[in-house]
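*Asks:* Take the sequences, apply the hints, and build the full model.
Residue numbers (our numbering), protein chains in the order written: chain A, 1 to 541; chain B, 1 to 333.
These are computed hints drawn from the structure, not numbers from a lab.
Treat the hints loosely; a few may be bogus.
[As the list claims (entries may be wrong)] Below, in silico cross-link-like pairs of lysine-lysine (DSSO-like), each with a Cα-Cα straight-line distance of 30 angstroms or less:
1) Lys125(A) to Lys373(A)
2) Lys176(A) to Lys300(A)
3) Lys376(A) to Lys125(A)
4) Lys119(A) to Lys176(A)
5) Lys203(A) to Lys128(B)
6) Lys373(A) to Lys427(A)
7) Lys58(A) to Lys186(B)
8) Lys220(A) to Lys111(A)
9) Lys58(A) to Lys125(A)
10) Lys203(A) to Lys186(B)
11) Lys186(B) to Lys268(A)
12) Lys140(A) to Lys176(A)
[Stated by the list, open to error] Computed footprint of chain A on chain B, listed as stretches where at least three residues anywhere in the stretch have a Cβ under 8 angstroms from a Cβ of chain A:
13) 77 to 84
14) 254 to 268
Every residue, glycine too, gets a C-beta built ideally from N, C-alpha and C.
The primary structure of each chain is shown beneath.
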Amino acid sequence: MKIPFRQYFLPLIAAAGTTFAAGFAQAADATPVTGGALVWGVETDPATLNPQLNGQDKTKLLLRNVFESLLARTADGGYVPWLANEYRISDDGKTYTFTLRDGVTFTDGEKLDAAAVVKNFTRLKDAAYSGSTSAGPVSKVANAKALDAHTVELTLSGVYAPFLDFAASLEILSPKAFDSAQLKSGGTEIAGTGPFILNRYVKGQDIHFVKNAAYNWAPKTAAHQGPAYLDEVTYRFLPESSVRTGALSSGQVDVIEGISGNDAGLFKDNPDFTYQNALNTGTPYSLFLNVTYGPTQDVKVRKALLAAVDVDAVLKSVYRGERTRAWGITSPIDAQFYDKTIEGAYGTDPNLANQLLDEAGWSARDGDGFRTKDGKRLSIEIVQAQATVRDQRNVLLEAVQAQARQNAGIDLSVSYVDAGTYTDRRKTGQFGSIANSNTPTDAIDIEYHYLPIDQGGSINYSRAAAPELLTWLKAAASTLDAKERFALYAKLQRFAIVDQAYALPLYEPEDQIAAASYVKGISFRQFKQLPESAYDIWRSE
Amino acid sequence: MDVENVTALHQAPVAGLQGRFWSIRATLLSQILGRIGSGIIVLWAAITLSFISLHVAPGDIVSLLIGEQIRTPAIEAAIRAEWGLDEPLIAQYLSYLWRVLHGDFGRSYILQTDVATLVLSQIWPTLKLTGAALVVAVVFAVVSAVATAGLRWPRRIAGGMELVLVSTPSFWLGIVLLFVFSFTLKLFPVAGDRSFSALVLPALSLGLSLGAVIGQVLREGLERALEEPFALTVRSWGANALTLRLRHGLRHAALPAVTLTGWLIGNLLSGAVITEQVFGRPGLGKITVDAVLGKDLPVVLAVAILSAFIYVVLSTLVDTLYLLLDPRLRART
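*Replies:* Dropping the structure here:
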């Protein structure tokens, strides 16, 4: 089953063309200028600079300056050449062959060849190097070998549909990196093939990259070819959102990311600045309701909670309309697997909520107006790790709490706990609800949330183990037929949200970028939707 | 007491520095030996207590390191083997002590870097910040106390201002200072540890509330001193009010203020966390908080050792200051 690029390419060019027209509207008004430096205020200091071990989406924009992958993805989910010119999937769906591009070198002087790529995949399978990553998609690789200097063959133990997404987007490190003492922490010894070279990193302060003058292998999804425009780019770590906003508006940085709903108005419709946002991929921010503990064990209570909360009103009041409501199990922008018919298939209905709770036996009320059964209050405890609260989610949870109380007499409490307690509660399942989102594409996000906990569902916070879930997810992962996969995920979505109410989807997280108007060429990565590296960025003054 | 004060006044400028330092040296020698001994005990206690409390706190290290990622027995085993967590606790503890004695502080579980390098690279910005904040605090306290002690309205105004500063969260003060002096007036840069001007606002936001506390104590002490009979004596020599306050009154008032300052420097180190966060400065604060939350034992222990060390040094300094400030203590020892 050879999939020629042409087949993907032609429709893509049309699709990509429209995206570019939107993303680069301001870039089109002048010829890009080479040279200059840029300072970007970002929220998150990376835990590690090794992209294979770093799971923080918010740091991908920095790491992508240095590290590249075999294929790039287009807006509609297609694949185009990058470090690999071509790929082939065998008829049985188990063997993936990548043909590498000629003349690509890592910035430490090593050549990108088949042996280097094989080394990346084999090392990643080693738990001592990659920890949990070794149990992810790479664990399906039974054998990785170099057929010749340019051809890599990966043989899987079984058909696994999300594998191409994983293999195509794995950041390829220089083979020398695996012998460096910095391998796990990342650092200047860990080279990639990208348009910039890591020059300096001061933890808690900034990270600085300089141009890779030899760079000449940008994917077709980029806006230009050849070396980057900027000579250097610095990302400064400013964890406080209001400080980032102030730094940009006072001209101390050129670009910022992560803008609160309240501050967006300062940059939107202001000729001195540009503002763009893009919805994340993956599972929306949702309240997962524990089916093995407390009142949420009863499907009627779970359904009542979904009916009690007016999500639209909550989002409007908390984010001033700057966030997008979510309905399903995956992001609405993922056209491959998101079934839109879920929208409106359920909704706010306080009468239904109260009726369901009466039926479930929670019919009495206590002095505070909360429902009770056998003298016990209808309490659902949301457990939230204090350290991971961001994007005003504490305010959001308060608003949801108020609605649950007002519309249905449900006592939704939020406990902010330290990381250790959070870990313990997750492990023992002693919680009413955990709120979570995650961003992997190609339905890997759905697997993490809906596979049984001991079979790959590492963040299955509803703790659902209905046999249907496993059957559908296994069937979807073991076919390469996109239509069949779509149908299975659509079925799962309806079952999980409408029939079983495992989760209350709230909103789709997004990234925001604001920049001074002289900064051109800022964009979001196609398909994966995260802020793109500094490769296409230039300064008009 | 009066007599002592008078002799002290006669000695101080004339009998000279030499005699004073002789007596200090004798006491210092015996003190230093005692200090080293107690310092080692404090360091050992800091290591042991941190080790125990991290193990008692909820959440096991392996689960925290895995976080929300996939968990399999093979992965758990790999993590345990990497960090030696499969050994019994007492063996982990003893081997840690052994390695520290050889200057090996280990590698961070989370950041995967050498702890000694990490802590040393982050301690300097934190020391700069706390040092500058201390200067701000002392200058503010001395100026405010000397200028207003014993004067009815000025002391009320200064006292009120100090109360506001003490009760202002440093997070909020930092944001306000940034908004006014960086974003609006553009006098100081927002972030980082890159130039002296970048140190001004963080030092103010951290140091002012400390200065306000010390200022109140210092003012009270000063007022008490000015009521003592020796103040009248000094005045009768024709010394003006400022000389009286600076040269004679301040020394009496300083003892409780110095004690308090030594103790409050501990607060500076922990308050630095928030200031570093707001101003995007590198430093030990954020690293320590993350390490404690993530049970990153090697980092927590290294920071514990370092802070215990700083405490030992500071309290020695404070005690030495007492001797310089108050001749009575010298005579007694």
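*Asks:* Run every hint past the structure and note whether it holds.
*Replies:* These are the hints, each one checked on the structure:
1. In summary, the hint linking lysine 125(A) to lysine 373(A) is not supported, as the alpha carbons are separated by about 51 angstroms, beyond the 30 angstroms threshold.
2. A C-alpha spacing of about 57 angstroms is found between lysine 176(A) and lysine 300(A), which places the hinted pair above 30 angstroms, so the restraint is violated.
3. Restraint check: the Cα-Cα separation between lysine 376(A) and lysine 125(A) comes to about 49 angstroms, which exceeds 30 angstroms; the hinted pair is violated.
4. The suggested pairing of lysine 119(A) with lysine 176(A) holds, with an alpha-carbon distance near 10 angstroms, which does not exceed 30 angstroms.
5. Under the criterion of a C-alpha separation no larger than 30 angstroms, the hint pairing lysine 203(A) with lysine 128(B) is consistent with the structure, at around 16 angstroms.
6. For the suggested pair lysine 373(A) and lysine 427(A), the alpha carbons sit about 28 angstroms apart, so the restraint of at most 30 angstroms is met.
7. Between the alpha carbons of lysine 58(A) and lysine 186(B) the distance comes to roughly 29 angstroms, so the proposed pair stays at or under 30 angstroms and holds.
8. The hinted pair formed by lysine 220(A) and lysine 111(A) meets the criterion: a straight-line CA distance of about 22 angstroms does not exceed 30 angstroms.
9. This hinted pair checks out: lysine 58(A) and lysine 125(A) have alpha carbons roughly 25 angstroms apart, not beyond 30 angstroms.
10. For a cut-off of 30 angstroms, the pair hint linking lysine 203(A) to lysine 186(B) stands: about 25 angstroms separates their Cα positions.
11. Taken as a hint, the lysine 186(B) and lysine 268(A) pair is honoured in the structure, with Cα atoms around 23 angstroms apart against an allowance of 30 angstroms.
12. Our distance criterion of 30 angstroms between C-alpha atoms is met by lysine 140(A) and lysine 176(A), whose separation comes to about 25 angstroms.
13. Requiring three or more residues with a Cβ within less than 8 angstroms of a Cβ of chain A, the coverage given for the region 77 to 84 of chain B holds, as 5 such residues are present.
14. Counting residues of the region 254 to 268 of chain B whose CB falls under 8 angstroms from any CB of chain A gives 0; the rule of at least 3 is not met.
Against the hints set out earlier in the document, violations occur for numbers 1, 2, 3 and 14.
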